[in-house]
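Keeping their order, the protein sequence lines are chains A and B.
Under this note's numbering, the very last position in the first sequence is 345; numbers go up by exactly one each time.
Under this note's numbering, the very last position in the second sequence is 257; numbers go up by exactly one each time.
Calculated directly from the structure, the hints in this document are not laboratory data.
Just to be clear, a hint being listed does not mean it is correct.
Claimed, not checked - Distance condition first, Cα-Cα at most 16 angstroms in a straight line; then the derived EDC-like pairs of lysine to aspartate or glutamate:
#, chain 1, residue 1, chain 2, residue 2
1, B, 171, B, 133
2, B, 171, B, 202
3, A, 118, B, 58
4, B, 255, B, 227
5, A, 118, B, 86
6, B, 255, B, 212
As the list claims (entries may be wrong) - Not the full set, but computed from the structure, chain B residues with beta-carbon under 10 angstroms of chain A:
#, residue
7, 56
8, 86
9, 91
10, 92
11, 93
12, 94
13, 102
14, 104
15, 106
16, 107
17, 110
18, 117
19, 118
20, 123
21, 149
22, 176
Even glycine gets a Cβ: it sits at the ideal position worked out from N, Cα and C.
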Amino acid sequence: MKNLSEASPAASTTGSRQAATDSSVAAWRERALRLGSTPHTRRGVSTRVIVAVVVLLILVVAFIDFIQRPALQLDVAAKYLFAPSVLEGIANTLKLTVLSMVLALVVALLLATMRLSKNPVLRGISGLYVWFFRSIPLLVLLILWFNIAIIYPKIQLGIPFGPAWFTTDTQQIVNGFWAAVLAFGLQQAAYTSEIFRSALLAIPAGQSEAAAALGMTRRRTFFRVLLPQALKIAVPPISNDTINLLKGTSLAAFIAVPDLLYSVQTIYNRTYTIVPLLMVAAFWYALFVTVLSIGQYYLERALRRERRYVPQAQTADLTAVVTGSAGAAEALEPEPIRASREERF
Amino acid sequence: MPIDEIPLISAVNLSKSYGSHQVLSAVSLDVPRGEALCILGPSGSGKSTLLRCLNMLERPDEGAVFLDGALMGYEEHRGKFRELSDTLESRQRSQLGMVFQQFNLFPHMTVLENVIESPRRVLRRPKGQVLAEAHVLLDRVGLSSKAMSFPGQLSGGQQQRVAIARALAMKPKAILFDEPTSALDPEMVTEVLQVIRSLVDDGMTTIIVTHEVGFAREVCDRFVFMEDGRIVEEGASDLLGGAAAHARTREFLAKVL
Ligand SMILES: Nc1ncnc2c1ncn2[C@@H]1O[C@H](COP(=O)(O)OP(=O)(O)OP(=O)(O)O)[C@@H](O)[C@H]1O
Ligand SMILES: [Mg+2]
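The following block holds chain A by itself, in its conformation from the complex:
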């Protein structure tokens, strides 16, 4: 009571301290109850609506204006949207992306585990790899792989400096397409391995310790405990890189691999309809990025099953053990324990 009266400035100015306190407290309480049941409204809802409408209007007008521009020649674009050479370009772009990313993921996982291993030689090799492939521009790598036959004219399978069981010209195997896969995949592996490494480092050390205490080998711990948790962390940045790679594969045009952009360029070099054909390329790239983004959403959801799960109604699980735990601990000889007595260990 004393505290309340001190907190209320009105109380100190009146003569009858006790009465004034009571009435001001009562008044305050009344006001508090009234405010406590006043409906909440968000601040600035109307402003927000106005801003949104204006911005949307501007966008819609700009869009209508854009698609009506004669230079777009949307009819031409529509004609080439499914042209055979465009479709072939799409197929190449998708194959390049998928194969490079698969190669990158496999190599990256290997690199990341090497980097985190206790073996200093493996750690060093992994570090060197990452350093090398991050240092060389992608275009240089691409052209290098394309010309690898200059350095290694033949590929042999056999004992080093001994007999060979199998020999072939390098050029037969590493054509433009595979040169591109190697260049994209191996460089991407360097970046992706850093993503894996940081994801693995983000997992608390207690996880490996608990796994070890349960008798899991290091290998099993990695695949059953660490990797599933690391993947969850790694999926968003890896998706980012996959999208980048999809668009970045157009670099393969430099070594005459007919990807999507290359096919489109071939057409407009002949017809001079540059803008509509770029529209075609943009359409397809945007479509595939959209598909990838949707895929990412579902992949993340699948990996995050512990977040999706809605627990059943809280049942009386604890009551068995804790009922009356405020009192003596001895009082709570729980049912389940007695039931399992004959079970022993």
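With chain A fixed as given, assemble chain B with the ligands onto it according to the hints.
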């Protein structure tokens, strides 16, 4: 219990340093089958390190650990110790359960999956049997209704009880507890201690590092007091808090109680 029986857990001369900092100095300890031993001591005295050396989560620099008479983590080879392979060491470790201060449940697995993972995959036991046992264990720690929940959806006390069930599922010869209730709110401590008490009552060999002195006195058979990487005092645990001859322990208890 005959005095000449081989102790279930025996540490001989364990020493461990981190850099120049000696964390364990020639610690020896025998724990007979069925004993509940409590380790007390100030922070940084090496209690956790001792426990982690017992199951080779941490390799001691010197000394040896025996579980049920068998050397842990090493094999003798021409008069020297040689580290066991990962596979063999893991198999040994699975015989010594451990419960951590931070629970360390696997967050991407349900409660049930946490419990059955190792019996299924490490011990390769049939699924039906493992599942049935898991349900009995979860029932025993009062959590059968949470089998399908994920660790993130449980309270700390519930998580720690799952961790105990998970350790029990491996049918270990003994269980090590490293401050199992230190990360818990006071009202959850009782439910976890209650489960541990039931294990001790059932004759499970346990080593428990704890600051719950009242619990230690009631439930444990014996205590050891550590300081600066040594066991400096030990005795029957009913002496804890009494006017015993353990000067350092008494001093320590006066501070924590
Ligand atoms: N990995 C490590 N590297 C370096 N020093 C360590 C490491 N682990 C423990 N130590 C040191 O070893 C000493 C003993 O640590 P330990 O965790 O065994 O103490 P504790 O008795 O369990 O203490 P607490 O009651 O606080 O848990 C401490 O001084 C700690 O700083
Ligand atoms: Mg500790």
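Original post:
For which of the previously enumerated hints does the structure constitute a violation, in increasing order of number?
Top reply: Hints that this structure does not satisfy do not exist here, as all of them hold.
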